[in-house]
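Using the sequences provided together with the hints, build the complete structure.
Each chain, letter by letter, is given below.
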Amino acid sequence: MRTLHLVVAGLAASLSLAADAAPKSWGPFTYETIKVADNVYAFDEPKLNAIVSSNIIAVLGDKAILVFDGGHHPPVTRAITAEIRKLSSKPVKYLAISHWHDDHWVANAEFASAWPAVQFIAHPFTAQLMETREGKLNGAACIDPLASQVKPLREELASGKHEDGTPISDRGKAFLRDEISGFDQSIAECAEARYRGVDLTFDSELQIDLGGRKVKLLHLGRGNTAGDVVAWLPESRILLAGDLIVHPFPFATQSYITEWAAILRKLDAMGPAIIVPGHGPVLHDKQYLQDLASLFESISSQAHAAWQPGMSADDLRKKVDISTWSARFSHDD
Amino acid sequence: MRPIIQNAFLIAALTVSVSARPDPRAPFDSDALRSATGIMAFAEVPLAAATVHAKFRYDTVPVAKGITTFIEGPSHGLVQGNITLIVGEKAALVIDTGQFPAVARRVIADMRKLTDKPVRYLAITHWHMDHYMANSEFADAWPGLTIIAQDFTAPMMDKYGGRYQHYGPKVDENLKPMRDMLASGRAPDGTELTADRRQRIETVISEVEAAKPEFDLMRYRGADMTFENGIDVDLGNRVVKLMHLGRGNTAGDLVAYVPDAHALITGDILVHPVPFSYGSYLSEWSVVLGKLADIEATVIVPGHGPVMHDKAYMLQVRELLDGVVAEVKRVWKPGMSADDVRKVMDLSKQRDAFCQGDKSLENSFKASIETAGVDRVTQELEGKMKPEAFDENG
Numbered sequence: 111m112r113t114l115h116l117v118v119a120g121l122a123a124s125l126s127l128a129a130d131a132a133p134k135s136w137g138p139f140t141y142e143t144i145k146v147a148d149n150v151y152a153f154d155e156p157k158l159n160a161i162v163s164s165n166i167i168a169v170l171g172d173k174a175i176l177v178f179d180g181g182h183h184p185p186v187t188r189a190i191t192a193e194i195r196k197l198s199s200k201p202v203k204y205l206a207i208s209h210w211h212d213d214h215w216v217a218n219a220e221f222a223s224a225w226p227a228v229q230f231i232a233h234p235f236t237a238q239l240m241e242t243r244e245g246k247l248n249g250a251a252c253i254d255p256l257a258s259q260v261k262p263l264r265e266e267l268a269s270g271k272h273e274d275g276t277p278i279s280d281r282g283k284a285f286l287r288d289e290i291s292g293f294d295q296s297i298a299e300c301a302e303a304r305y306r307g308v309d310l311t312f313d314s315e316l317q318i319d320l321g322g323r324k325v326k327l328l329h330l331g332r333g334n335t336a337g338d339v340v341a342w343l344p345e346s347r348i349l350l351a352g353d354l355i356v357h358p359f360p361f362a363t364q365s366y367i368t369e370w371a372a373i374l375r376k377l378d379a380m381g382p383a384i385i386v387p388g389h390g391p392v393l394h395d396k397q398y399l400q401d402l403a404s405l406f407e408s409i410s411s412q413a414h415a416a417w418q419p420g421m422s423a424d425d426l427r428k429k430v431d432i433s434t435w436s437a438r439f440s441h442d443d
Numbered sequence: 052m053r054p055i056i057q058n059a060f061l062i063a064a065l066t067v068s069v070s071a072r073p074d075p076r077a078p079f080d081s082d083a084l085r086s087a088t089g090i091m092a093f094a095e096v097p098l099a100a101a102t103v104h105a106k107f108r109y110d111t112v113p114v115a116k117g118i119t120t121f122i123e124g125p126s127h128g129l130v131q132g133n134i135t136l137i138v139g140e141k142a143a144l145v146i147d148t149g150q151f152p153a154v155a156r157r158v159i160a161d162m163r164k165l166t167d168k169p170v171r172y173l174a175i176t177h178w179h180m181d182h183y184m185a186n187s188e189f190a191d192a193w194p195g196l197t198i199i200a201q202d203f204t205a206p207m208m209d210k211y212g213g214r215y216q217h218y219g220p221k222v223d224e225n226l227k228p229m230r231d232m233l234a235s236g237r238a239p240d241g242t243e244l245t246a247d248r249r250q251r252i253e254t255v256i257s258e259v260e261a262a263k264p265e266f267d268l269m270r271y272r273g274a275d276m277t278f279e280n281g282i283d284v285d286l287g288n289r290v291v292k293l294m295h296l297g298r299g300n301t302a303g304d305l306v307a308y309v310p311d312a313h314a315l316i317t318g319d320i321l322v323h324p325v326p327f328s329y330g331s332y333l334s335e336w337s338v339v340l341g342k343l344a345d346i347e348a349t350v351i352v353p354g355h356g357p358v359m360h361d362k363a364y365m366l367q368v369r370e371l372l373d374g375v376v377a378e379v380k381r382v383w384k385p386g387m388s389a390d391d392v393r394k395v396m397d398l399s400k401q402r403d404a405f406c407q408g409d410k411s412l413e414n415s416f417k418a419s420i421e422t423a424g425v426d427r428v429t430q431e432l433e434g435k436m437k438p439e440a441f442d443e444n445g
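Residue numbers (the working numbering), protein chains in the order written: chain A, 111 to 443; chain B, 52 to 445.
Worth flagging that the hints you see were computed from the coordinates, not collected in a lab.
Misleading hints may appear alongside valid ones.
[Said to hold, decoys possible] Capping the alpha-carbon separation at 27 Å, the derived lysine-lysine pairs in DSSO-like fashion look like this:
| id | chain 1 | residue 1 | chain 2 | residue 2 |
| --- | --- | --- | --- | --- |
| 1 | A | K200 | A | K324 |
| 2 | A | K271 | A | K261 |
| 3 | B | K141 | A | K173 |
| 4 | B | K168 | B | K292 |
| 5 | A | K324 | B | K210 |
| 6 | B | K292 | A | K326 |
| 7 | A | K200 | B | K141 |
| 8 | B | K384 | B | K437 |
| 9 | B | K168 | A | K173 |
| 10 | B | K292 | B | K342 |
| 11 | B | K210 | A | K326 |
| 12 | A | K396 | A | K376 |
| 13 | B | K210 | A | K173 |
| 14 | B | K384 | B | K435 |
| 15 | A | K157 | A | K145 |
| 16 | A | K376 | A | K145 |
| 17 | B | K292 | A | K324 |
| 18 | B | K141 | A | K246 |
Nothing here was measured: the structure is a model prediction, and the numbers come from that model.
Structural data, given as C-alpha cells:
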C-alpha cells in the first residue's frame, strides 16, 4: 500500500486503496448539515474524500457560538460559515481545535474572516504543532507534496496497470480518477489556505458560557495525539469527540493506544447520549465508543504480554490477534 | 501620610462610626466591627489626608512596554482594585475592572489613547467586588470581549455581583451611625467629637455619598470562560499566562504573568501596605507566594497599592503569613476558639516588622491579620474552613 505522507490524506487513502472495492464516487468536496440537537449542528463530510476534512460542529448559545474544528477545505468552510449565519445572528466567538492534524483546522482562517474577533482555542501541544505548519499551507510548500503524491496515481491510471503489472479494473480506474480529482481540488485550494494560529491554550479544562449553554473543553490525556481536546455539553450530554472517535475506523497513526483506551473509558463514564466523532456520522449510543475502548485494550494487553526486549513492531504484530475486532469494525467489508 | 485602605469591598467609614473612642487613632474594636453591618471592610482614616476629597482619582502608571496600571488615588471611603492593561500586536487584555462605572469609563478613554488594539480579554483576579463590578463598561466599549476567571471565582461573582449592584440604599444604612454622630456631636459612647474627628467623618461621608450613584450605574457582567489551572493568551507576539496557583487570598485567585516583560500581576494575593486576609487560606497562601517568588519577575503589580520593582514586599508578606500560622499553631489546642487564641498569642514581632510603629497600619493589621487572619488559621487547625462569603466576616 502506498504511504501518503500527508496525514490528512492518510485516512481516506488507506480506506480507499486498501479495499480497491467500495463502489463509491469521490469528490467534489462538500458537506451536509445535520441537526444534532436543538442549537447543535454538525457539518459532516457525506463521504470520505481522498483529502479528508473533519466534521465541523456549531454550538449556538444566546450570546455567542462555539465551533468545534474548522475543517480542511477553505471553500467548504466558507460555505459553512454562511450556513451558520443562517442559523443564528450571534457571532462565532470561539473556535476550539480538537488536535493538530491539518484536516481539522487548515480552513480556520475562513472563520476569522467571517468573525474577526473569533478566538481560537487549543491544547498547547496542538498550538505548537500547528505553528510548525505555518508557511506550509499555501504556495509551493502546499502544492509540491500533493503534486508528488498524485503523480504516481496519474501514471498508474495512464498505464492501466497496478505497480505489480496486473490490470486495473474499471471500478479501480473510477476510483483512481476520483482520487486524482480530489488531489487536483486540493492543489487548487493551496491558493486559498492561510495560516491562522491559536489565541488561547489550556492544559486540562476550560468552561465556556455561550449564554444559556455551557461547553466544557477537556484534555483528558494523550490519545489520538498528545493534545486531544473534546467538547462536552453537560446539559444535553453531547460529546464532540474529535478524532478520539473516528467512524468507521479509528485513525491510530502516531497515537498512544494504552492511554487512548483509558480516555475512551473516561468518555464512556461521562455518559454521553450523543457522540459526534471527528469523522463519520453522529452516533446515538455508546456502542462504537465501547468497542473502540475494548479494541485498544485488547491490542495493548496482547502487545504488552507478547513483547520482549528487542522485538520490533513487525515481530509484535505477528503475536497480536485482533481478527475478531477486524471483522467487527469492517463488517467484513 | 498615605491614607490606609484596607477595604476589599466597600466601606471604610465603619472604623469611624463604630470605634467610639476618644482617640481616633486607637485600635478599633473588631468585635463591634464584625457585628456592625454585614460589610467586611474598613480602614483607618489618617488625619493628614482628610482635607483632600479624593473622589475616584487614579494614577496612570507605566509598568513595562505595553503594560499600564491604573492605580486608585487616595481614598477614605470606597476602594477599587488596580486595573492593568496589557497590549499585544493583535489585541489587548485587561486585568480587573474596579468597581465604579464612572472610573472605568475614564480609564477606558485613557486606554484608547494608549492603544488602538481592541481589548479582547478581561481577566478577573478574584471574586471580591472591587475588582469586577465595572465589567459591563468594558464589554460596552469592546463588544465581544471575553471575560475570564478561575472556576471558583465565576459562580462567586454570579452570587454577589447581582446583589451588589443594588447596594445604594444599604450605603445610607451604613452611613446613618456617622450622620447621627455628627448630629448629636457625640460618639455612641457619649464622648464628644473633636474637630479632627468630625472632619474625618465628614470626609468619609462625602466620599461615600459621591460614590452612591455608582451603585445605580452598575450592571453585573459575569465570566464567559473559566479555567482550573491556567490559560495562555496570545495577544500577538506577546503571551499572557493566566494562572491559578492554589488557594490564597481566595480559593480562585488568578495571577497574570507576561514573560517577555517579566511582569507579574498578582491581584489581591498582594495588597499593599497590609494584606487583606478575610476568608483567606493563610498556609496555602504562603505556598502560592513561594511559587510567585520562583517566577522571573522584575515588576510586580499588586491588587491594591503601588507597582513594585522587586520581591521584597512579596517575601515580607510570605514571612508574615508564615509567622501568623506558626504562632497560632504554637498556642492553639483543640477546643480553643479564635478569641481564645488571640488572648494568648503574641504577634507583636510580626506587627512591628510590618507596621514599623505606624498606628494606622497597626489598625489595619489588627483588623485584617490579628482578627480575620487568625480566625482563618484557627479554622484551618480545626479542619473546618468556613466557606468564603461576602457577609461572613461582616
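Status of each hint after checking the structure:
| no. | hint | in the structure |
| --- | --- | --- |
| 1 | A:K200 x A:K324 | 15 Å, holds |
| 2 | A:K271 x A:K261 | 15 Å, holds |
| 3 | B:K141 x A:K173 | 23 Å, holds |
| 4 | B:K168 x B:K292 | 19 Å, holds |
| 5 | A:K324 x B:K210 | 18 Å, holds |
| 6 | B:K292 x A:K326 | 20 Å, holds |
| 7 | A:K200 x B:K141 | 23 Å, holds |
| 8 | B:K384 x B:K437 | 19 Å, holds |
| 9 | B:K168 x A:K173 | 23 Å, holds |
| 10 | B:K292 x B:K342 | 14 Å, holds |
| 11 | B:K210 x A:K326 | 21 Å, holds |
| 12 | A:K396 x A:K376 | 12 Å, holds |
| 13 | B:K210 x A:K173 | 20 Å, holds |
| 14 | B:K384 x B:K435 | 15 Å, holds |
| 15 | A:K157 x A:K145 | 17 Å, holds |
| 16 | A:K376 x A:K145 | 26 Å, holds |
| 17 | B:K292 x A:K324 | 24 Å, holds |
| 18 | B:K141 x A:K246 | 22 Å, holds |
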